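Enquirer: Chain A is already provided as a structure; the job is to place chain B on it using the hints.
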Amino acid sequence: MNPTTHTIETARLPELPAREERAGTLNNVLAIAGVVIKEMYRRKDFYVLFVLTALVTLLMGSVTFFNQDNIVRYLKELCLFLIWAASLVITITTAARQIPAEREQRTLFPLLAKPVTRNQLVLGKFLGCWLASGISLLLFYVFFGAVAGAKEHQWPIVNYFQAAVLHWFMLGIVCAMTLLGSVVLAAPSSTNTIVLVVTVGILLIGRHLNKVALKLEEPVQSIVYGLYFVLPHLEIFDVRDLIVHNWSAIRWDIWAAGLAYAVTYSAIFLSLACLAFRRKAIN
Amino acid sequence: MRAYLLSLSLLTLVAFSLSTTLEPWFQSWAGSRTQTDNVIQVALGDSRRMFARHFYAKADAYFHKGYYPSVYDSKEGFDEKAITGNEKPHDDEKCEGDFLGKPHDWIDAFSRNFFPSRHVHVGECDAHDHKHDPDHDHAAEAGMEREILPWLRLSAEMDPQRIETYTVASFWLWTKLGKIDEAEQFLREGLRANPGDCEILFGLGSIYYEGWKDISRARNVLELSMVRWREQEGRKTEPNTLLLGQILNQLAKLEREQNNYPRAIEHYTLLKQVSPSKQSIQEWIDYLKTNQPPSKVPLVR
Numbered sequence: 237m238n239p240t241t242h243t244i245e246t247a248r249l250p251e252l253p254a255r256e257e258r259a260g261t262l263n264n265v266l267a268i269a270g271v272v273i274k275e276m277y278r279r280k281d282f283y284v285l286f287v288l289t290a291l292v293t294l295l296m297g298s299v300t301f302f303n304q305d306n307i308v309r310y311l312k313e314l315c316l317f318l319i320w321a322a323s324l325v326i327t328i329t330t331a332a333r334q335i336p337a338e339r340e341q342r343t344l345f346p347l348l349a350k351p352v353t354r355n356q357l358v359l360g361k362f363l364g365c366w367l368a369s370g371i372s373l374l375l376f377y378v379f380f381g382a383v384a385g386a387k388e389h390q391w392p393i394v395n396y397f398q399a400a401v402l403h404w405f406m407l408g409i410v411c412a413m414t415l416l417g418s419v420v421l422a423a424p425s426s427t428n429t430i431v432l433v434v435t436v437g438i439l440l441i442g443r444h445l446n447k448v449a450l451k452l453e454e455p456v457q458s459i460v461y462g463l464y465f466v467l468p469h470l471e472i473f474d475v476r477d478l479i480v481h482n483w484s485a486i487r488w489d490i491w492a493a494g495l496a497y498a499v500t501y502s503a504i505f506l507s508l509a510c511l512a513f514r515r516k517a518i519n
Numbered sequence: 420m421r422a423y424l425l426s427l428s429l430l431t432l433v434a435f436s437l438s439t440t441l442e443p444w445f446q447s448w449a450g451s452r453t454q455t456d457n458v459i460q461v462a463l464g465d466s467r468r469m470f471a472r473h474f475y476a477k478a479d480a481y482f483h484k485g486y487y488p489s490v491y492d493s494k495e496g497f498d499e500k501a502i503t504g505n506e507k508p509h510d511d512e513k514c515e516g517d518f519l520g521k522p523h524d525w526i527d528a529f530s531r532n533f534f535p536s537r538h539v540h541v542g543e544c545d546a547h548d549h550k551h552d553p554d555h556d557h558a559a560e561a562g563m564e565r566e567i568l569p570w571l572r573l574s575a576e577m578d579p580q581r582i583e584t585y586t587v588a589s590f591w592l593w594t595k596l597g598k599i600d601e602a603e604q605f606l607r608e609g610l611r612a613n614p615g616d617c618e619i620l621f622g623l624g625s626i627y628y629e630g631w632k633d634i635s636r637a638r639n640v641l642e643l644s645m646v647r648w649r650e651q652e653g654r655k656t657e658p659n660t661l662l663l664g665q666i667l668n669q670l671a672k673l674e675r676e677q678n679n680y681p682r683a684i685e686h687y688t689l690l691k692q693v694s695p696s697k698q699s700i701q702e703w704i705d706y707l708k709t710n711q712p713p714s715k716v717p718l719v720r
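One line per chain: the protein sequences are A and B, in this order.
Mapping to the numbering used here: the first sequence position 282 is 518, numbers consecutive.
Mapping to the numbering used here: the second sequence position 130 is 549, numbers consecutive.
Read the hints as simulated data drawn from the structure, not as lab findings.
Wrong hints could be hidden among the right ones.
Derived coverage of chain A by chain B (criterion: at least 3 residues anywhere in the stretch with Cβ under 8 Å from a Cβ of chain B; other residues may be distant) [unchecked claim]:
# : stretch
1 : 447–453
2 : 487–493
Subject to a maximum C-alpha distance of 25 Å in a straight line, what follows is the list of computed DSS-like cross-link-like pairs (lysine-lysine) [claimed, not checked]:
# : chain 1 : residue 1 : chain 2 : residue 2
3 : A       : K447      : B       : K477
4 : B       : K672      : A       : K447
5 : B       : K595      : B       : K672
6 : A       : K387      : B       : K595
7 : B       : K672      : B       : K632
8 : A       : K387      : B       : K672
So the derived label-pair ranges between C-beta atoms look like this [what the hints assert, rightly or not]:
#  : chain 1 : residue 1 : chain 2 : residue 2 : range
9  : A       : A382      : B       : T440      : 57 to 63 Å
10 : A       : K516      : B       : A434      : 53 to 59 Å
11 : B       : E583      : A       : K451      : 27 to 33 Å
12 : B       : Y491      : A       : V271      : 41 to 47 Å
13 : A       : Q304      : B       : Y680      : 37 to 43 Å
14 : A       : A349      : B       : Y491      : 50 to 56 Å
15 : B       : G615      : A       : Q304      : 27 to 33 Å
16 : B       : A462      : A       : S507      : 45 to 51 Å
17 : B       : E583      : A       : I393      : 34 to 40 Å
As the structure is a prediction and not an experimental result, all values here were calculated from the model.
Glycine included, each C-beta is placed from N, C-alpha and C at the ideal position.
If we strip away everything but chain A, and leave its shape as in the complex, we get (with noise of 0.2 Å):
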């Protein structure tokens, strides 16, 4: 027996078993994101935009046109735009303020000193903003799901299941990018803005990308047409036409090939905001 060997196989720290290690590392990210999660709920965001949406959806639903008291289409269109811009700006917002408010607030050296690795806080954050968005969205679509079947007398739960989780997943997306941002970009107030102009030009351009660059010169088409490609379509999880219109439910197939596609795309910017995270200096 080598006797050196020995020494040194004692001298080391006993590892972990994998199942532990992945048990400390889910209780690191679930801890990290409740306190994401009571963080929404203490903050004013949530329940001002929420008001404000119940009060002008109310509101324009007193009005009536023609003395046709059932018309509704006009209101769950309203409704959803505001449920919409409001789930942005909720999860931009707080997925902004994450990590830079830790540094600042001098808490991030203490949290990972627990330990907590970088990327657990990156993963617990993201899930924290993530879920939070997800409890706003459940709220918001019950509202609209009451105000539509007050007013429609009809209740098309899958479809409106179908668009919420969609929408969810959509967030998912901006989420993981908003997080990638807060790690590159030097303040969460750069942060909301890039991000959310870069939400809303994918949304309103991002169907129609492809079509723009066929009608552009080369080299220039081609740049833009790989754009098309290489961009998250956050338009893709906007079925609010769908809806509004009542057509039928989305098939079930196709919905969980979208939900796919938005797992893939939260996976990019999260694996990108770890990585930029891990080589960013925290001092």
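Expert: Just chain B now, kept in the frame of chain A:
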């Protein structure tokens, strides 16, 4: 301190003097928005017409259940006249074929599952729903034309001079929703904003004739609309002959039903000059002259 007060007084004096000159000029200036009591006109100026166009397009999009070309799409082949009630029947097999065309790539093909991508009109059931959903509620689509009304109301508020808004809204109110009174009131509102407009008068005459069955009033209003048409459209290089045809056809039908054949023949003879279906109109004229049944009714509505 004194110099400061003096300069302040001087500036006040200059401002007051200028206002005495500018105020009378502003009140008489053609571009002044203070001449109207309409809040929207004061706030938006002429840009309200742009909003009116947008809201009218929104009504059209609602008529197509969200299937509507964007600014990036070609409108070629898209039936924009369908909302006016002059719709062409569309082929369900080619329902994905007009402005969208074939998908350019897999993202385009995939994304078409997430927005309305089939040509269908409000109040109609989609052929796709028949095929894929046996429990599809067909009755739920009845009367859904009402959903376009808020946008037409808004369009009229934004631009009261947009005639199409009044005629389209009253058409759907009257024909599909049975709201004859509301349709008449809306047309009257349009007539107040556009005195003597022949298209609105024609709509009003049709409501009196087919809605209220008030024959004498319908005759008067329809004849007035023909007079106004001659005044407004007659001088144009490309007059709206479709509208004249509709007025004449309505008048001829009215007189025929009242057994006033000479007047009916008179209207049919005028109609023959502007209608593309001259043969069938001649058959009607012959029928009224000889009491022999015509092969088919005139095609002009």
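Enquirer: Next, verify each hint and record whether it holds.
Expert: To see whether the hints hold, each was checked on the structure:
Coverage of the stretch 447–453 of chain A by chain B holds [criterion: at least 3 residues with CB-CB distance below 8 Å; count 3]. Against chain B, the stretch 487–493 of chain A contributes 3 residues with a C-beta closer than 8 Å to a partner C-beta. That satisfies the three-residue criterion, and the hint holds. Distance hint between A/K447 and B/K477 is fulfilled; the C-alpha atoms sit about 22 Å from each other, no more than 25 Å. Between B/K672 and A/K447, the direct Cα distance comes to roughly 50 Å. Violation of the 25 Å bound is thereby established for this hinted pair.
For the hint pairing B/K595 with B/K672, the CA-to-CA distance comes to about 22 Å; that is within 25 Å, so the pair holds. Between A/K387 and B/K595 the alpha-carbon distance is near 20 Å, which keeps this suggested pair within the 25 Å criterion. The straight-line distance between the Cα atoms of B/K672 and B/K632 is roughly 13 Å, inside the 25 Å bound, and the hint therefore holds. Restraint check for A/K387 and B/K672: not satisfied, since their Cα atoms lie roughly 41 Å apart, outside the 25 Å limit.
At about 60 Å, the beta-carbon gap between A/A382 and B/T440 stays in the expected band of 57 to 63 Å. Checked against the hint of 53 to 59 Å, the pair A/K516 and B/A434 passes, with Cβ atoms roughly 58 Å apart. Checked against the hint of 27 to 33 Å, the pair B/E583 and A/K451 passes, with Cβ atoms roughly 31 Å apart. Roughly 44 Å separates the CB atoms of B/Y491 and A/V271, a value that falls within the hinted 41 to 47 Å.
For the hinted restraint 37 to 43 Å between A/Q304 and B/Y680, the CB-CB distance of approximately 41 Å keeps it satisfied. Range check, A/A349 to B/Y491: about 53 Å between beta-carbon atoms, so the 50 to 56 Å window is met. Between B/G615 and A/Q304, the C-beta spacing of about 29 Å keeps the proposed range 27 to 33 Å intact. Between B/A462 and A/S507 the Cβ separation comes to about 49 Å, which falls inside the hinted range of 45 to 51 Å.
The supplied range of 34 to 40 Å is met by B/E583 and A/I393, whose beta-carbon atoms lie about 39 Å from each other.
Hint check: violations occur at hints 4 and 8; the rest are consistent with the structure.
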